[in-house]
Structures are given as C-alpha cells and as structure tokens.
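Participant: Make the full structure from the sequences, and use the hints.
What follows is each chain in one-letter form.
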Amino acid sequence: MESPRVEVINLTRSCNEALILTLLREGPMHGYQLAFECEQRGGSLFAFKHGTLYPILHKLEKEELIRGVWSDKGPRGKRKCYTLTDRGKEYSKTQRESWRAFILQFLGVIGKEES
Amino acid sequence: MNRINSALRAAYNKLALPQPIRSRVLLELWGDMDDMRHLYIDRGMSNDEAEERVLERFDLSDGALAELAKIHCRPMRRLLDQLSFQARGILERLILIFLAVLSLVILIRGMMTQRILIEAGPFAWPVLAALFAAILSTVIKIYKLYIIQDHRPRSIRRLLHLPLGLAGVGLALGFLGMYGHIFSAWVTRSDTIESIRHLVAAVYRSAGLLTVAMSTSLLSALVWFVTADRVLRIEEHEAAFRFGADYGHTDSNTSSIQ
Chain X
1 MESPRVEVIN LTRSCNEALI LTLLREGPMH GYQLAFECEQ RGGSLFAFKH GTLYPILHKL
61 EKEELIRGVW SDKGPRGKRK CYTLTDRGKE YSKTQRESWR AFILQFLGVI GKEES
Chain P
1001 MNRINSALRA AYNKLALPQP IRSRVLLELW GDMDDMRHLY IDRGMSNDEA EERVLERFDL
1061 SDGALAELAK IHCRPMRRLL DQLSFQARGI LERLILIFLA VLSLVILIRG MMTQRILIEA
1121 GPFAWPVLAA LFAAILSTVI KIYKLYIIQD HRPRSIRRLL HLPLGLAGVG LALGFLGMYG
1181 HIFSAWVTRS DTIESIRHLV AAVYRSAGLL TVAMSTSLLS ALVWFVTADR VLRIEEHEAA
1241 FRFGADYGHT DSNTSSIQ
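Protein sequences appear in the order of chains X and P. Numbered by the working numbering, the letters in the first sequence go through residues 1 to 115 in order. Numbered by the working numbering, the letters in the second sequence go through residues 1001 to 1258 in order.
Zero decoy hints are in this set.
Derived DSSO-like pairs (lysine-lysine); straight-line CA-CA distance at most 30 Å: (1) X:Lys-78 <-> P:Lys-1144; (2) X:Lys-49 <-> X:Lys-59; (3) P:Lys-1144 <-> X:Lys-62.
Bear in mind the hints are in silico, worked out from the structure with no lab data behind them. Please read all numbers here as calculations on a predicted model, not as lab measurements.
Facilitator: Put into structure tokens, the structure is as follows:
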C-alpha cells in the first residue's frame, strides 16, 4: 500500500477519498448517505455527484481500505453498506496528517505572497 | 421509478462488465437511488420531483460508467465469466455434453477394469481426490441453489469457482506425476534392457496418469460450468427484476463502455 499523501495532480480525487474515509470512521454508511453527509457538512463545496462517488468507493473497496457488505434486512430490500477496514482506519489517520501538512504548506505559500 | 429504471437500464446495457459485477454495480445504484427518492418524498417532494432530483444527483454519464468499468475489469474474473457465457450457445452446450459423456465413459471404463488406476501410479489418487472434492462442492452448491434456494448475494458466489480451481490442481498434479515418473526412470537409466523397459513403463504410467488427470479435470470444469451458469442466470434475473434491464450480456449492437 502506498503511503498516503496529497497528490496535487489528483487533488479532487484525493480530497474525495479523504472525505469518504473520514465519514466512514463514524460508522457504516450507504453510498448515498456518504454523499448527503459530505454535502451537509461541507455545504455546496463538497456536493460531488454520485457518478464520481461510486468509482471512488469501489476503488477504495478494491484496495481493501473499505468493505462493502450487502444486507437485505432493511425495509426496501438489498442494500450495500460500507465500513472502514483496519487498514482503512490506519490509512485514514495518516492521510489526515498529510492533508494537514499540505494545507499548512499551502497557506504558507499563500501567506508569503500576500505579505 | 420509471425514469430511474430507464436510466439504469441504459446504464446496464452500456456497462461492459462481466456478470455478476455488472448486476451488482447496478443493484447498488438502484438501491441507493430508491432510498434517496424515498428521502426526498419524505421531505415533501412529489414522486416526479424526487425522481428528477435523484437523476440529477446520480450522474450515470458515459465517463462515470467508464470509470466503474475500469476499476472492475479484472482479467481473470472476466475470463471466468466469459467462459460460462460462451458456453450458452447450443453448439457449445452440445460440445460440452459430448465431452462430459466421453470423459465419463473413459473414466468409468478405466476404473471398472482398474487398469488405468494401477497404470497411472500413486499420483492418480490425489487427482481423484481433487475430482471428488470438486463434485462434493458442486453437490453442496446445487443443494443450496436448487433445493433450499439460498440466493443471498453474500453466499451465492461462495466456493463457486472451487471446482474450476480443483480442475487446475488435478491437471497440475497429472503433469507433475508425469514428470516424476519419467524423471525417476531417466536418472536411474543404464545400458541394460531392464532399464529401457523401466523407461518405457514410466512413459506408459505417465500416459495413464495424464488420461486420468485430463478426464477428471474436464469433469471438474464441467461441474463448475453447471453451477456457474446457474448463478449467472440468477443474478441476471435479479437485475432484470429490479430495474427491468434486458438480461443477457452486452451485444455488439449496443454501445458499450469499457
């Protein structure tokens, strides 16, 4: 597994991955719930379309950072729910640190230009 | 759900992925779209408004489908699923039935006389054990699929490809045994007649072993086909039931995303 770091080239994708992993730290969620939560917490800034969401979810599942579990216990039949794996928890933790470092560096640059 | 179903049907026919991945991806989308629609209705929207909003949020564009196809396109799985799809034609089915009957006849005849097993040597027993395990796992699978009809998504694919794996193991053991027979005869060779006789006997044993290995592997692969084909059909029906997609794989006339 690659060590998590913020890729400037794929900034949007990295950001979406970080958001999804962070939300899943709070408990299992369906795909649409993740999108809702992102939107509610981040306002329109993080209102990504589901066409973007599912490829990210499936990629993270393939990398075994999250686990998708099918359940038919709900009122409306089979649904897929995502949880964070142990590997994902570890990854998310280090990724958060990478984001902090990235933002600090970024602000450092912005600040220098302003002064 | 008419508009949502239409959008999913279009996506289903465009998404060039092997089963069951294609059905699973679309079933996941269907489930989430349905839940989201209910959520909007609970918030006071009409059904039409809710559907429109859901479709707006779920961007099932060609680009998004291509992304999904790229992620799920694993060469091995694709090949396995395509194998059972290809076997759906009448000609392929007839060939498979013919091969199954032929290998069964060869195997049973050989076993009846017990010559083939004696000639094949000790390597034949693990090969037969692999066949037995393949048949046993298939019987369990058939029991689950047909008798108790356990079609839950979690368990429907469990151990499905085991008989095919065991077919590979049987074949590998056959070749390994052949190598063992010939190699041991070769390293102990000398200029005596006895040695040449020994070498010829090793080749003879190897031929017997390969016959057993190939027949059992073929049988294992065929019993795998029986269940794999059934599972694919169940998953396709499930997808069709959910969002009314044309079940069957993407044909050449349909634009496909890969």
